[in-house]
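> For this one, chain V is given, so just place chain Z on it according to the hints.
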Amino acid sequence: MENKKIYWKGFEELTNDLEFVKKAEKEFPDFLPIAEKDEENNTSRRDFLKLMGFGMAAVSLAACEAPVKKAIPYLNKPEDIDPSIPNYYATTYFQDGEYCSILVKTREGRPIKIEGNTLSKVTKGGTSARVQASVLNLYDLERLNSFMDGGKKASKDSVDSKILSALQATNGTIYIVSNTIISPSTKSVIAEFAKKYPSTKHVSYDAVSAYGILKANEKSFGVYGLPNYDFSKAETIVSINADFLGTWLSSIEYSRQYTQGRKLSKEKKTMSRHYQFETGLSLSGANADHRVAIRPSQEGLVVAQLYNEVVGGGSSPITDKNIAEKIKKAADDLKAQKGRSLVVCGSNDVNVQILVNAINDALTNYGSTLSITQANYTKQGNDEEMAKFVEDLKGGSVGAVIFYGTNPVYDYPKGKEIADALKNVALSISFSDRVDETSKLCKFITPDTNYLESWNDAFPTDGNYSLTQPAISPIYPEGTRQAQDSFLTWSGSKNNYYDVLRGFWKTNILKGQAFNEAWTKALHDGVYETNAKVATVVTPKDSTQKETKPAQEVKPVPTTSVAFKGDAAGALSAVSSAYKADNAKTELAIYQKVGLGSGAMANNPWLQEFPDPITKATWDNYALISKSYASQLGVETGSMVKVTVGGSSITLPVIVQPGQQKNTVSIALGYGRISTGKCGNGVGQNVYPMASFQNGSILYAAYEVAVAKAEGKVEMALTQTHQTLMGRGHVREANLTEYNKNPKLIREKYDIFINTADGPKKPTELTMWKGHEEAYNKNHWWGLTIDLNSCTGCGACVIACQTENNVPVVGKQEIINAREMHWIRIDRYYSTDADTSVKSMSNYEKMEDPSENPEVVFLPVMCQHCNNAPCETVCPVVATTHSSEGLNQMTYNRCIGTRYCANNCPFKVRRFNWFNYTNDEKFTTVNFMSQSDLGKMVLNPDVTVRSRGVMEKCSLCVQRIQAGKLEAKKEKRKVKDGDVVTACQQSCPADAIIFGDMNDPESRIAKTIGITKNEQKDIVLEDERAYHLLEEINVKANVTYLAKIRNKA
Amino acid sequence: MRYSSVIQDIRKLAVILAVFVLGMQVAFAQNPTAGKGDVAKGKDLFANNCASCHKIHEPSTGPALTGITARRNEAWLQKWIRNSQSVIKSGDAYAVKLYNDWNQTAMNSFPDLTDGDIKDLLVYIESVPKPEIKKDPQGGGATAGATADSGSTNIILGALVVVLLVILIVLLVLTSLLTRLLKQREDLDEAEKEVVESKFDLGKVLGSKAFLGVLTAIIFLVIAKIGIDKTMDIGMQQGYAPSQPIPFSHKLHIGKYKIACQYCHTTVMKGKSASIPSSNICMNCHNTIKNGSPEIQKIYTAIEKNQPVQWVRVHNLPDLVYFNHSQHTVAGKVACEQCHGKIEEMEVVQQRSPLTMGWCIDCHRQTLVSYTAKDGNGKDVLNPYYEKLLAFHKSKGKTQFKVEDIGGLECSKCHY
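First to last, the protein sequences are chains V and Z.
Just so we're aligned: the first sequence equals residues 1 to 1049 in our numbering.
Just so we're aligned: the second sequence equals residues 1 to 416 in our numbering.
Just so you know, these hints were derived from the structure itself, not from any lab.
All of these numbers come straight from a predicted model, not from anything done at the bench.
Just so you know, even glycine gets a beta-carbon here, dropped at the ideal spot from N, CA and C.
Pairwise CB distance ranges, derived in the manner of DEER restraints:
no. : chain 1 : residue 1 : chain 2 : residue 2 : range
1   : V       : E79       : Z       : M357      : 29 to 39 Å
2   : Z       : G235      : V       : D920      : 18 to 28 Å
3   : V       : D920      : Z       : P242      : 26 to 36 Å
4   : Z       : G235      : V       : E108      : 21 to 31 Å
5   : Z       : P294      : V       : D920      : 45 to 55 Å
6   : V       : K1017     : Z       : C285      : 50 to 60 Å
7   : Z       : M357      : V       : D933      : 25 to 35 Å
8   : Z       : M357      : V       : K1017     : 28 to 38 Å
9   : Z       : P294      : V       : D499      : 37 to 47 Å
10  : V       : V877      : Z       : G116      : 48 to 58 Å
11  : Z       : G235      : V       : K268      : 51 to 61 Å
12  : V       : E517      : Z       : P242      : 46 to 56 Å
13  : Z       : M357      : V       : G150      : 54 to 64 Å
With the rest of the complex left out, here is chain Z:
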């Protein structure tokens, strides 16, 4: 009795373990990291101080920064970032070579950055994976220092899986050993014998009512889920990338030539519509640049014939929703790529975000209201519009509030 129950217990343990290991792997795949503050802080620092000249994986005004901690040590980097010219003047060979390699373009000095800040920066830089690897199905919605310490977490999780697997094997070996031992004994009663001699009968399990019931339920739920998802997808055009009458390349114009979005989409900061550029905006440059190209000639033809170019609309919102660009770009300070994805890498513009109501609502639930505004000196001051709202939330002990908290989920904010 005792022995057989031990075996049963061990078997149970093994099953639990096995489930746990499997579960770990699933969890592992879904939840790569719970980010640490330093990466996020580093990201902000990078965006505010470095991004205008440096990119992480490709050279820009300054060199690509990936692998910098391997190339130079932290003490050197601290000195260099705070005041690169002094390092060069000190005759440091690496610094002088770098300076000359980059056409003697002096790097700005950042004396205010603390050691901690620089550490955060470096951690962030090293945490950014190569862009090809980075999957971003939600059009860039995800933020929070994604993959910084995912490396270490991976190792820990991997080790855990290995340990659990080992325990599983040990347990299995243990049961088989014990079973074999018990089989050799004669003094077992009927019940115990049954346990010892019982075999794991897969067929019986599969044939059992409970299993079939569960299976049917699962199949039903899966089909229902797929069905509902598919129904929800009707009219959803994520990934829609129609070919345009003129194969205008955003990759070329923004990616390579760094033309600001607003240069062509003139009303994106002013009105509801971001506006498709009129042909006269194209002509600002193309009256001299590449004006012989057959594609550019199409614009000339349009102007001569007095028939505007008929672009294919990529982002279509239904008429029942009121979406205002300037509300998001100016009042909400949302960057273009948050919804439109990396336009600068798109040869053909694609709808990157699902543009569903769920997607809108998600963002309204997560986004903090930016209630500050730059004053004349570029300092952040409170935007008087939000004075009352801030006071209200402060009275509730909160210094920050989300779009949701100021009515961002109410129907008539978008539907009227």
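This is chain V alone, in the form it adopts within the complex:
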């Protein structure tokens, strides 16, 4: 009625592009021929042979006995491994600065799934897409199964003896080049190595550097570490180019904190306000209440102006009225909420970061929303030392170099210089698990074990330790060795790393405790907390009090020792001269994608096929440009452009991106690998060489870039406009102030009534369905709820679901054909933020071009488990049916593949197996996890691997429901809330998804969406924000959404 807001998934939809309309009208885009045909479109010889073969097979099948199957037991069964019963081991994931405490689910000794560890105070059970996908790296076919000597396989002993003699013979510097190491035990091992070889220098760098923050903190507080942020305590959040929900630092941790501050309930009526100043649309920008597009060259000045606004006085370098206005507004909010606000910045410029520290200090945020006494150590890379290493390498003073967990030839801006100089180094060793860009050039490769095969520890933040333990014994025990053990061997130590690790914990971390008990507990929990540096935080009992004055209620960590001593004035003048308010040139912003990150896991097909939360693109990187810039260049999505920075240039396709700053182009890191494996090689372009150095640290931007239209156009593998809901109402949203004034507002605005002779009625009151209420009230009534206010759109659930349910990967071409298989998709809708109420010509003009800076809504959609399911009524073979517990069941072995159900599904959540992904050679590369013996180890044995010609869809993790029920029956108790957790819920870092029994009034789901029952024993949703998708067609979904609330004002 009054809801005139237009939502669209992509420009195609907004402009009613011809291709889009064609695609939307066809349920199944392009009925491409699957069977090979010859030129005249006749049945080919191959088809004839296939049919022949089938006939022969059918005849022999009828004549034969079933094949003999073997049952091979253990010789000596390990006591704690029972076939078919999963074991969980607590361990730690750490890669590229992303720390996550996890539980590894193993079946028959094989790790098959990663779950978040709820005992961790850091990540609190959340995970990310990368953490979820990391289990597949263990079974990567490209892993080396042998030590390498000059590109040839060699035995451990011969390699060791050669390395030892070379190490002893060297008279130059021995460089150990590593990623950030957060393991204190590993550091002790390296120290031991350095003691044995005194010329050793340890350099650490990060593919995506945070050196600016580290150095700024050293200058401001004397602490070389990252601050520990607490977004949950912040009522105003201002982020300048920091995608803290997607890729910036510890985003899993921040997602949980951030959404804690955003959640609304009966008790909690307030939420944080989030300002985002950024170049390209990031995940954080998409969630922000106010988003402003800025150029990379303005970044420093935005911070400077914010500083001036907050502390008062100073000049206003930003000339753009729109940006200046928003900075003023943000500063006002910040000042109003001193001690309850937070300013973060993704810049890698030390001066900018000093200013950010000064702002947070001026706002008295230290000790409340961020802390430096309790620092975070997940990034320690030192760009200056790394630059020095490259100089030394080129200068020839390096005697030996050991690459530990790094691949600088690929992911360091000066990778090419390293590659050239590496030839002249006498001894070069890589611990890489594959022949990658760097290890290829090394004399020796001594492959490190996968983290799931290793012992290790981690010290991510002050007060929190955690352990890594092997969940499987090394798959290649002869061909791989944990890097720490290699160091120990070369230092001549007799100990293995496990002993060193235990020894280190005994003498340092668990000092003064009964060691065996404490160690076993730490190993079991995966985490160990010590209050050594942490003040006791008293949580107030009274929740209302907490909201009004949280800063007073929580006892802050003492700040006396860390008074801000940075030179803010110096930083301010340095920033003012380094940045420009009105650069006339086109600029480049280099960012990370939520899926692939730095590119270290590029050979992981799950991540390659993971639709980027914003662009919904898979299997490629691209140049993101704004619509106006695109028309200026005469390009559209898919056109190729040549991007040149300094001397280097790359050619890649364009995606026209709403929200992109007008005169900028954004390109993601992590692509363009040439030596990572069959799956990741040659996907996209490498943009690391385009990063430069500024003020000693890496600058992920270029202030002058040439973009030129290039030859050709490609089809992009975008999922954004697939499975469209045809513009029917699916998103409900409101602004906080209006919502608080009138909570019924959302219902009034969106509820649909049907006019009848007896007046307007709700669609549910007019039904010809009998309903399932009687059956559902027997025992369980499962339901899922998704809080759109919490969902950040990160997509961890997509990969978790894929892992849990053996969902195949289909590859780029099949994505282009709109045949992706993900059971859960996250629809990303843009809408204009233009005010439709003002009736003026200028306002209408504004509304004409809404793509400039759209609002974004993320809507995860999986099978809605409709009670009046349209799919069920059209299946000719009753392959999809209803359970008495509210599930819409899909029976693969009954399905004959008519696809009627998918045609009739209003939510477009059904996926059809167009191919036999487990056997078809077309998918051998991308789907190695179901086509190779090693890859198959990752499959979940409790879920059927589907074959060609059957339909599939979200089952609400029925295998987990059944397991939870069985456990309860066996233990003679009721199913407790939380016994059954779906894979998507488990993985969610934002706690946006709640699954549970809606019949249980004590369950979280019942409380969250306010369930009561009417006389027919049907569910009534009390919560004003709760709604079902497409309520008007009365399918009565069991998946409930909570409307999105923005905090604009």
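Positioned in the frame of chain V, the structure of chain Z alone reads:
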């Protein structure tokens, strides 16, 4: 007219009778009994009280019980079962001899059993046929006091057949007599004559369109039925008894030595898989027992070579079905032999049940949900999981419900 119609009527009656007799025999073969409660009750009583020491057809801790009602009268048995020691002390010669013959092993006393209970028990004991005779193609699925009063039913049915046969003969004799009488009369009109002189022309009947039509239909249906049955059998391996790398005898280990199933199949009460025992379980006993045997040596070789024994899998379910042992053994309280048959009598393990979906569904349709659980004192209490389900069924006036009633026939209970 009258007479001939009488003959026709009698003939019709005879045909009906004949069909009935035949039908009776078929019914007789298919439906031996509709069981009485007392046998079933007796069976339960036997299982709960007697089975730990007594078997029906062979001696166990106590003597075999078959023929007990012939050996002793009911009054004596009542006294003996309630308190055997008092009977022995009373100096009863039979009792004393029995006591001494069985190494003076005292039998437990069952003072709580009523006369009725004991009667039920005895009826059950006498109803159990010798195991060789007992055919059990469905792997032991059939329950309900099968053959208890099948004896008496047999007699009644037999008598009925005899009576019907006699009536049939009488009727035939009657018609032939009447026909002969009528033939001697002259005043019959044409129509009546035709009836009287008509002969039962088999050839004509066989040649008739109706008969041929019916015959073709029957043949077609039979072939179709066989065809469908055979197609259904594809991939079905009932009776599959492959030879194993080591001829492990379940008959010896369970039948003779009474080793519990779970001793080797350790996860049968815990998980989806019952698990094939690892070699270290064999070694628990065979490191001392019979370790020189060449078959046992195979296990030693396997351990030395670090290569596990490759058993041949007997029970194969397709990957598309999720079957969980513990669901059935613990939650469902199903005994192993219900699906696996009498393993303790198998020298070579055989797949006794068809393991088809129809077979699963049948059981889910018939089996009552056991919603009780033993509490700390061994008393049956309601398993709280089933609280809501029981309340629901009680509201419908039912105190019992089947697996089917709690969703046991829904697709996603086994397929996901």
